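Please model the complete structure; the sequences and the hints are all you need to start from.
Number of protein chains: 2
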Amino acid sequence: MELYFVTGNRHKFEEAKFLITELEPKIKLEMLGEVGKLEIQADNLEEIVLFAAENLNRQLKVNFFVEDAGLFIRALNGFPGPFSSYVYRTLGCKGILKLMENIEDRYAEFRSVIALGWGGVIRIFRGTVRGKISSEERGSYGFGFDPIFIPEGSNKTFAEMTIEEKNRHSHRAKAVKLMVDFIKTVM
Amino acid sequence: MELYFVTGNRHKFEEAKFLITELEPKIKLEMLGEVGKLEIQADNLEEIVLFAAENLNRQLKVNFFVEDAGLFIRALNGFPGPFSSYVYRTLGCKGILKLMENIEDRYAEFRSVIALGWGGVIRIFRGTVRGKISSEERGSYGFGFDPIFIPEGSNKTFAEMTIEEKNRHSHRAKAVKLMVDFIKTVM
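Protein sequences appear in the order of chains G and Y. Sequence positions in the first sequence follow my numbering and run 1043 to 1229. Sequence positions in the second sequence follow my numbering and run 1043 to 1229.
Rather than coming from a laboratory, the hints here were simulated on the basis of the structure. Please read all numbers here as calculations on a predicted model, not as lab measurements. It cannot be assumed that every hint is accurate.
Identical chains blur together in the list; that is why a pair holds if it fits in one copy or across any two.
Said to hold, decoys possible - Straight-line Cα separation of at most 30 Å, DSS-like style, residue types lysine-lysine; simulated pairs:
| hint | residue 1 | residue 2 |
| --- | --- | --- |
| 1 | LYS1070 | LYS1059 |
| 2 | LYS1136 | LYS1174 |
| 3 | LYS1174 | LYS1140 |
| 4 | LYS1198 | LYS1103 |
The structure is reproduced here in structure tokens:
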């Protein structure tokens, strides 16, 4: 049976694919470009993925999931949060580092929320990783703000980790694992 | 006849009200809180207001308009753009000034896009004002990023202007005037 990850981000797809191997060969993960995926402006990721999933659920007759993630920096009142992708495209990691100059509180969280459409019913799975904003960009793996985020329990940024290493820490991996546990109970 | 400005922002309503007086008493402007107004995440304001207006057009049986505006800073690749409201709530004017430290190119534009639903048909009106980001916050009128934006042809920030003065320059006033011109031709 196919499970479709509706995303335009190949990095996210690769990260999820690693974690879904344990469902194979019963479940086969496929990437579906963002045809008709609508993202609303909202301060929380749940609202965004639920809205997108409910729309897709009306269009698609297959099992699918959407995911949205964000970097929430405590000293910046949660910025860039649900708008991380736009902020990455405009300000980049350098913009965040500039905003964080002379700020002692480096605490940040990456959060991921998945909405799974399974048999026409939508379920939500969440993952969070605590960490801090580094003082400079490091590493070239991953994507987005990975070069400036150091998860708790590591000295490396996400961009200094392979997919397997990042998946031992990451918000997205936590959410995907919860989804995988759910799928095991119903398939 | 009533015309409803669907917005949660009283400042915007007051600015528009000043410009619509010339349609009175035939047209009476009313504020309608954002019941059911959906904003999508998109890099351009047109998409955002069109989506909101099409949704409202299905729900409302009255003439209405929605407006979205953004501050587009050239040196920041258009940031904060369509996400100005969120960025204002999290980073504030101070965050923008920090991002602009040591940047010589201060050019910025405020853009406003209105979608008017009139007799069930949606029409778009645009207004832009060119200007620059000030070196510090000045003034206490207006809202949002008004304290750091100086329109071309003035030495004052928007926040140092009364509504009447701001309306001689502003993006929103330009868009509202175009809408008023249209309404005159059909009412």
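Outcome of the hint check:
1. LYS1070 / LYS1059: within (9 Å within a copy, 57 Å between copies)
2. LYS1136 / LYS1174: Answer is both: 15 Å inside a copy and 22 Å across each meet the 30 Å cutoff.
3. LYS1174 / LYS1140: both (15 Å within a copy, 20 Å between copies)
4. LYS1198 / LYS1103: neither (41 Å within a copy, 57 Å between copies)
Checked against the numbered hints given earlier, the structure breaks only hint 4 and satisfies all the rest.
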